[in-house]
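So you can see what is in the structure, the chains are spelled out below.
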Amino acid sequence: MTPYTGSWTASEAAHLLRRCTFGATYTDIQNAVNLGLSQTLNQLFIAAPIDEPLAYDPAEQIVNLGETWVNAVYPQDQTANIQTEGARMKSLAAWLAKNLNQESLSLTEKMQFFWQNHFGVTTSGDARAMYYFLQLLRQHALGNIKQLVKDVTIDPCMLLFLNGSTNTVFSPNENYGRELLELFTVGKGAQLAAGDYGTFTEQDVAAAAKIFTGYIVQGVRSATLPQVTSQFMAPLHDNTSKTLSYHFANQTIMAAGALEYANYIDVVFNQPDTAKYICRKLYRYFVNHDITAWVEQNIITDMALTFTANNFEVAPVLQELLSSAHFYDISVRGAIIRSPLETLCAMLNTSNTVANFDLQTTYQIYLSMYGLADQMGQGYATPPSVAGWTPYYQAPAFYRLWINSTYIKKRFDVASLLTSNFYNVNGNVFKIKVVDLLNGLSAPASAPQVIDDLCLLLFPKDVPATDKLLLKNILTNGLPDFEWTLQYNEYLADPTNPVFFNPVELRMQAVLNVMFKMPQFHVC
Amino acid sequence: MKRRSFLRNGALASLSLPFVQNGFSMQAIAKKLFDVPKSAEDKVLILIRMNGGNDGLNMIFPRDQYAELLVQRANILVPESQILPLTAEVGLHPKMTGMQTMFNEGKLSVIQNVGYPEPNRSHFRSMDIWTTGALDINQTSGWLGRYFDSAYPNFPDAYPNLDFPDPFAISMGSEVSSTCQGLMGNFSHAVSDPFNSSNLLLTSVTNDGTYYGGQIEYISTLINQTNEYGQQISSAASAGNSLSNLYDPQNSLAVQLKYIAQMISGGLQTKVYILNVNGFDTHDSQVDQNNLQEGVHADLLKRISDAVRAFQHDLQLLGLEQRVAGLTFSEFGRQIASNGSMGTDHGDAAPIILFGSCISNGIIGPNPQIPNQVNNQAGLPMQIDFRDVYASLLKDWFEVDPNTIQSLFEQNINYYDLLQGCTNAIDEAAPDTLAALVYPNPSLGQHQLKFYAQSEYYQVYLVDQSGKILRKVLDQHLKQGQQILAFEIQHLAPGMYHYLIRSNEIQKLVSFQKL
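Residue numbers (our numbering), protein chains in the order written: chain A, 74 to 597; chain B, 165 to 679.
Isolated chain B (complex conformation) (with noise of 0.2 Å):
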């Protein structure tokens, strides 16, 4: 798939305008579109850590490289023919058909040998360069945490309050996550269940009947009552709904998740998740001796894609796709070469999966580069750095100003185009009226233009990049409500377009690629 690309602030520079048609300024809409949104405030990320050092080349395959994989670690290899394709060059475990969905219906990037500069394979220390966002071994805030701190400095003292009722981030399980550790406390808030208000962070306080039983348990109910989390958490999970029947109740991470649907449907203001599955330190019988594709990292692989595959499908049901995204990670990725034990040591350099229906892109790098000799100990080489990966979220997710991200960060940051899909979209939950969507895009065949009408004249024009108009594709009375167009576009040269929508109200663009 190609790189996408969308109209937006910096990209509209690039463009060439200027854009008057027919008397009207097309700057003039577009500054209207290209403002930044409000809607930056309802953004949500997930996190997944793959805690113990995911084997990438056992979830994302180098399809074109797969004779070398053999060289390299045929006794855990998956046989050729159970690799679910992406693309011709890039495959999934066998496990991941969630998540394959998730990819064809363009709600799935693979962001391909993310690393940092010289690798470290002890799990502490790098799960530490992961979680602050940085080599320095000095940094010990989180990169969530800084990027907090920057936007609320009076953290913890000024909050909870009434502008901010709930938790800017929760950590699911009973620790806080490092990556939101700030100057002056940790912005995650610990959560086993959040219909639980309890904030007891671990379970079992029991009155034994003795003096020391009755002291703990008045302390538990006091730290209970004083919870200023616990209450508003419990009450949008209430109120929030879980439509997805795809959800395994056996599944930790599918419950987790869902619980997370609930509290985002319910209205809980919390802008990260962190959610965390063990297990993925596989130095041994990673996969089952007479199946590859089975076995115990193919069933860590499976319950993340089926997971997080229910969880977009319910987010897709509650309307709520557009405001959240997420990603995996995990410490490093491990060696090229498998080890004797049919399983693979410590290495470098692995892939990060990024969902949602915002995504800028497929794949993101090119494959790795898979030796045809065995190099002992040989882990994957870095190519995008995952500082400025985290920098390119909170670019595209959160629209933090470029000056604050990088005073975040101790690399020159690269950015990437990583959550830029959904600059112009609908909300289908809520109608907006300046909201258009395109989709599949891109597009190659045929697509939809979805946008919500008043009752009113409307025009619709497809333009080129350019901003000559091509031609009116729609001219006529509109009721009010979603409005679904189906265009065919095969005759359209590769390139961008846009369509122009405009009544006597509202002048709205929206952008496409033509594959």
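For reference, chain A alone in the conformation it holds in the complex (with noise of 0.2 Å):
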């Protein structure tokens, strides 16, 4: 792949954090543009730790509030531990939205949430299951993937959530099977006959399955065990060997016990189309949805050649597509429609707001952030179907899905809500510090200049003139320039007195929300 030789400025690195991160701030820019591309990705592949999530709802009657809960057994009584149940999900949907928003300048988050999208996984009925799932998919993230999807297939979530729990020499369940093939490794080619699919058959799908027998989930909500594990029972496997279709050059899977999974997926990887549905994927994730002849043939090659080479570790692919020519070019540029979740982070992270209160009411807050994100579309825990969100794949619309008429209007109202003083849990005003996200610009006393690191940092392109020029009026509320200079300086020689602090907040304010409602913020 043509390496990126082109200058490297603002404009540069803020693409290439925009496409990366849920959201930068101006001086991540500034930074990035001063280490250079190479060093910036560097450190984009650092792996960023985070906390457990914790208990924060009263309706919690195992662990105390402020503790973890993804190590604790359930209560005996049913209500009570339905109620627990309950009140886990919503510590752990919160937990997914603080982790988004709180994000450390990585690729991580980004990564983690594209393996949720790849996989679809939604909730098996024990919140730990699907905690220590989130954990799989953040710990492989920028890891080796063919380790993920072996990981991932005998995972308690996973086999709940596709029967693999169920399947046995008994009673085989083709669920998981199906969807290794169809979703997670070989994608489903042009059908060729019936029961042929392109890249595997059905006979394929009914050899998965027997592959896969044998494993059973232990632990769901109980009482006494305080963890959901996976265990490979032998009597439940399928102990014949199976033999796969002419796509794998009829080759067969030897029995092989609690071994036997992983011998059938190293033979899955070794499919060409394996390196390459996972890396259409990625580009579309991270350049552009448009896969042309050209781009097929001089990028995704390239890409599944290194994927390849590199036995699977998904990190030399994305260095080399974040640092190409193609990444950069112009016609890529703005070509994605922000996501919901990026969408909402794009108006907090960018300014850092997050939510620092006490326990529960940052819980409360981020609960209700990861709501905002569910009605807008998209809720993290909870993809539509086991292929994900369709804008990530429905041809021939992909992102445009995200915007319809229903969803347009719950932008605006977050956008508006976000940047009022009325957002208020348990009497704490949650609101886009705006007066931080102004001061971190170049030269906050210009007003055009505010305007200029504004679009910068929010917008994919420049805009025109006259639209700078407009929201350079809503920043000074039509007065000439230098009364917003002033009114600035007042507001820094006393910083905390809220006679000059609020009229520049309320300046701000009304800017951002005006950008978060054009066209060109809901675009990346």
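Rather than coming from a laboratory, the hints here were simulated on the basis of the structure.
Just so it is clear, CB atoms sit at the ideal spot from N, CA and C, and this is done for glycine as well.
Do not take every clue at face value.
[Unchecked claim] Simulated coverage check for chain B against chain A, where a stretch passes if three residues somewhere in it have a Cβ under 8 Å from a Cβ of chain A: (1) 263 to 274; (2) 296 to 306; (3) 342 to 355; (4) 478 to 486.
[Unchecked claim] A few chain B residues that face chain A, going by a derived Cβ cut-off under 8 Å, partial list only: (5) Tyr-230; (6) Glu-282; (7) Pro-283; (8) Phe-288; (9) Arg-289; (10) Asp-292; (11) Ser-314; (12) Asn-318; (13) Ser-338; (14) Leu-407; (15) Leu-410; (16) Ser-449; (17) Asp-452.
Both chains are given apart, each in its own frame, so use the hints to dock them into the complex.
Structural data, given as structure tokens:
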């Protein structure tokens, strides 16, 4: 793949950070400019640690509030058991939103979500199982994807989700085997005949089902087991040899008990289609929905080669893609419509706005953030199907499916809410820290420069001068530029005095309220 | 001009009733007349923001203190002979001939020395005070937003709906107005051009042929299609009308007010329209050095005066005058003394102009007192609190319950009689059999009594304030339609009087003041 050798300015740095994170600050962009492409990329590949989700909802009946529940049993009593699960799922959802909002400058969150979409798993009825599944995605988010697929295959959450836990020699269940091939690895090709999907056949689905037999899941909402676990039960496993279709050169998978699933996944990853299928999804996630013949030939092919050559480590693939000439090509800048989570986080993370109140308030705010994204069409823990969210795969509209009449209104409502002073939780106002954002810009006292900087921060391409003028007039409240300078300097001289702070805040809120509702904000 | 006062809820109690004559109860009539009219729902309020701090002393002149003004601001002071008289004491800037006409027609009020305690001369902070309607630094909802919240508590989730298909407020331009910020959303909808149903906040979304261009074009289209109010607004504007030839197409405020006339006449149920005029921050060269009644400030005043006059004329022709009232406001006035740059610096109180055919009074409040010595940086002290003006508007115009109004404001409200001039008025566009109007009112030598008659036998009596019938002024069968009866009243002593109009079907009371 041709590496990018062009100039490295704020425009390119902002493009990279917009695509790789849920929202970088103006300072992050400037730092990236100074660091250069290569060092910035290195930074993005550093995995980011996170804390465990904590109990905050009084319905939790086992652990104390403020402690984690991820290794805690459930109450024996059925009602209390269900209430506790409710409290834990709320905690988990809030925690997911918190992680996105408080991400470090790393690809970790973005890639964790990529795999969440890839496997399309929803809750298994036990918040602990969902938590550990998400942790598995995080652990391998930038790592070895063959290993990730192996681990996911026997993960309790996945075994519950796609019926692996009831797939036995006595009653094979094809659900996981089919989705593994169709959605997680080789992908579905053009249908060649009845039962032949171009990359696999019904014979392969049946074989896969048999290969995966024998796993059971224990501990779901158990009053005695602190974790949900999967376990291989040899008597439930199909010990015959399984013959694959011609797509797999009619290979035979020999009976190998608890090792068999891994052997099979090695075979599946040896299929060139697997690397290509995953690389196309990565391309759509990071670059553009449109995989033209040129892109297929020049980009996807190279990505797949790199993926295979590196034994399915994903980091080298992304390294190559994110430093390629194609990634920075002007034709793909701003080509992606921001997903709801990206939209919400772009409003918050660009100003480093985080909820930092007492535990309950903080979690309630993050739960509500989770809910806002859900109402805009993207509930992190509940993909609409095992295929993930349609905008990532549904041709020809792709990302445009994020925008419809309901969702656009919701996006605008969220913009209004977050740029007001009225989002009140337990007496704490949560709002975008617009003045911090302003202070981080290159020349906050200069109204035209503030607008230039905000456009760089929030929009993928520069907007026309007439729009900038209108935005500037909102910032200055229609006054000459020097009045803004005076007002800002008065605030600087006495920054905690609300008489100076509040007007500056209000003007910034007004500008962001408008910018968040411009079409340009909704692409990245 | 003396203070007018009309019979209305509170005022009624102060009259020396009982009002019993010839076997019918005047109180019964009064009740019918003075019940809260449904028409409050149709009332429209126009707010014109004079952005930057309007030099009130170069707009409304205390004619009785011209000599003192010369001491303070000789380098910018309009020649005395050029000032347009409103009363013996009060005059208008010479460019404001339109508003002078309106004043003479009884359609313009001046509220003098409006401000707030402990003035803040920062544009930003002071404008926030005016838009929130509160001195409390922590108040961030707008004064109209709080009113709307009290009336429509589920906004924005439950709106628009079948009963309320239109925006509650429209802010002309690209920014929603802080006056309308409510708890969960802003009640105003930004409209640049009502004929373009596109709700794009800014202008230019062009598809540059790239993926990016395609995406933002797509999103723009969606925003358009889902703009809940855009279609309502453009339909109303298209269905609406504008009849006045006084609008100057070069005058941006006039263009916007014409849009508003079209939206109102087209049936839009929006209650508040907010307009903005920039440029009042006249620190230097606010007048033309060689011609002190010309210059930047004069142009701004002319623009507003001409535009409002055209708008009022249009409303009159459209039969909408009694539904619409408006006022100007600015974040502060300017200092009494001019500066060396032929300009004025940030000051304190300033006059508000109130307009509409339903105004109660001509001049409200005494002239400012101009000292005869220059006191550096002195502004005009506040005499009328702008929050009381807002509260009075809500009471007079939207007929909001006083308890509710008090809950919206931090101060103990002093009400002013601002917009009670149409209480018993006739809506000429839609004849109301219960409405009657004396014009002009107050009146001196003669006036007209207008009312809408059915084909019936009518008697009209002149009644004094004690309820005593002075004489019968009409006793005959009338044809159905608008009646205009002219009366000489020169011989009446100054004071309050009423016409009692009765037929077999109806009894009406209409009040007037003899000057």
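Here is what the structure says about each hint:
| no. | hint | in the structure |
| --- | --- | --- |
| 1 | 263 to 274 | violated (count 0) |
| 2 | 296 to 306 | holds (count 4) |
| 3 | 342 to 355 | holds (count 6) |
| 4 | 478 to 486 | violated (count 0) |
| 5 | Tyr-230 | violated, 31 Å |
| 6 | Glu-282 | violated, 11 Å |
| 7 | Pro-283 | violated, 12 Å |
| 8 | Phe-288 | holds, 3 Å |
| 9 | Arg-289 | holds, 5 Å |
| 10 | Asp-292 | holds, 5 Å |
| 11 | Ser-314 | violated, 15 Å |
| 12 | Asn-318 | violated, 13 Å |
| 13 | Ser-338 | holds, 5 Å |
| 14 | Leu-407 | violated, 31 Å |
| 15 | Leu-410 | violated, 26 Å |
| 16 | Ser-449 | violated, 13 Å |
| 17 | Asp-452 | violated, 20 Å |
Comparing the model with each numbered hint stated earlier shows that hints 1, 4, 5, 6, 7, 11, 12, 14, 15, 16, 17 do not hold.
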